[in-house]
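J.: My request is simple: use the sequences and hints to build the entire structure.
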Amino acid sequence: GQQLNQSPQSMFIQEGEDVSMNCTSSSIFNTWLWYKQDPGEGPVLLIALYKAGELTSNGRLTAQFGITRKDSFLNISASIPSDVGIYFCAGRTYNTDKLIFGTGTRLQVFP
Amino acid sequence: EPEVTQTPSHQVTQMGQEVILRCVPISNHLYFYWYRQILGQKVEFLVSFYNNEISEKSEIFDDQFSVERPDGSNFTLKIRSTKLEDSAMYFCASSVKGAGKNIQYFGAGTRLSVL
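So the sequences go chain by chain: E and U. As numbered in the numbering used here, residues 691 to 801 make up the first sequence, in order. As numbered in the numbering used here, residues 9 to 123 make up the second sequence, in order.
Simulated from the structure, these hints should not be mistaken for lab results. Quick caveat: nothing in here was measured; it's all calculated off a predicted structure. Don't take each hint at face value.
Simulated pairs of lysine to any residue, SDA-like, Cα-Cα distance not exceeding 25 angstroms [said to hold, decoys possible]: (1) Lys50/U / Asn765/E; (2) Lys760/E / Ser772/E; (3) Lys50/U / Ser716/E; (4) Lys105/U / Thr783/E; (5) Lys50/U / Gln692/E; (6) Lys65/U / Met701/E; (7) Lys65/U / Thr783/E; (8) Lys741/E / Arg30/U; (9) Lys109/U / Met701/E; (10) Lys50/U / Asn36/U; (11) Lys65/U / Arg750/E; (12) Lys726/E / Ser121/U; (13) Lys105/U / Gln692/E; (14) Lys760/E / Arg750/E; (15) Lys760/E / Glu705/E; (16) Lys726/E / Arg30/U; (17) Lys65/U / Asn765/E; (18) Lys65/U / Gly743/E; (19) Lys105/U / Gly706/E; (20) Lys726/E / Asp79/U; (21) Lys109/U / Gly743/E; (22) Lys105/U / Asn765/E; (23) Lys109/U / Tyr784/E.
Just so you have them, the derived chain E footprint on chain U, three or more residues with Cβ under 8 angstroms [claimed, not checked]: (24) 50–57; (25) 74–86.
The C-beta atom is built at its ideal place from N, Cα and C for all residues, glycine as well.
T.: This is the structure we're talking about:
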């Protein structure tokens, strides 16, 4: 089945540093979404991408829809302690509503 | 801000028992979903539901699972005879529309523990 490989698996960074994570697949997706999950909570949408090459920002977060439609990345600039959590990419292919989730990137931010 | 609400937050059950997980989707949403997340793993799609019928389901969603929209506000997931491997977080999600710019909003989840 379709799989999304997310990297890195985990990151330990200092407050103020920039973060970059990415998601790759062997399949083409027509929507990419980035969610954040806090412990014991459901995924919360951060950014949605709908077109190949699209670059979208949400505050300190920037995400891009890869030109090949098989990848996406998320950047977080000037990280703060509340950025701690697990970040998931999710993709959706044409003509389906189901989301395929990536394996997640666990982010730890140290003051 | 409208949100998807799920009850209970934690359900403990004995193997072989039936459980019903409840969700109240966002009020103007028409598409409903269940996902699950086994501890430490990624979120997996179970089923999507629109216009009072299942529109898509995964291999995980076998005959032990069923979904229902019993009234205008609730959306339920029933597991007929729970197994140990059903232990997971179950997330309900809803969206205004399907396909296109389909944004799915997730509830906080129900943690199901099967003993």
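J.: Give a verdict on every hint.
T.: Consistency of the hints with the structure:
no.	hint	verdict
1	Lys50/U / Asn765/E	holds, 20 angstroms
2	Lys760/E / Ser772/E	violated, 30 angstroms
3	Lys50/U / Ser716/E	holds, 18 angstroms
4	Lys105/U / Thr783/E	holds, 15 angstroms
5	Lys50/U / Gln692/E	holds, 13 angstroms
6	Lys65/U / Met701/E	violated, 34 angstroms
7	Lys65/U / Thr783/E	holds, 15 angstroms
8	Lys741/E / Arg30/U	violated, 35 angstroms
9	Lys109/U / Met701/E	violated, 31 angstroms
10	Lys50/U / Asn36/U	violated, 28 angstroms
11	Lys65/U / Arg750/E	violated, 36 angstroms
12	Lys726/E / Ser121/U	holds, 24 angstroms
13	Lys105/U / Gln692/E	holds, 23 angstroms
14	Lys760/E / Arg750/E	holds, 24 angstroms
15	Lys760/E / Glu705/E	violated, 31 angstroms
16	Lys726/E / Arg30/U	holds, 23 angstroms
17	Lys65/U / Asn765/E	violated, 33 angstroms
18	Lys65/U / Gly743/E	violated, 30 angstroms
19	Lys105/U / Gly706/E	violated, 38 angstroms
20	Lys726/E / Asp79/U	violated, 31 angstroms
21	Lys109/U / Gly743/E	holds, 16 angstroms
22	Lys105/U / Asn765/E	violated, 28 angstroms
23	Lys109/U / Tyr784/E	holds, 11 angstroms
24	50–57	holds (count 5)
25	74–86	violated (count 0)
In this structure, the hints that do not hold are numbers 2, 6, 8, 9, 10, 11, 15, 17, 18, 19, 20, 22 and 25, in rising order.
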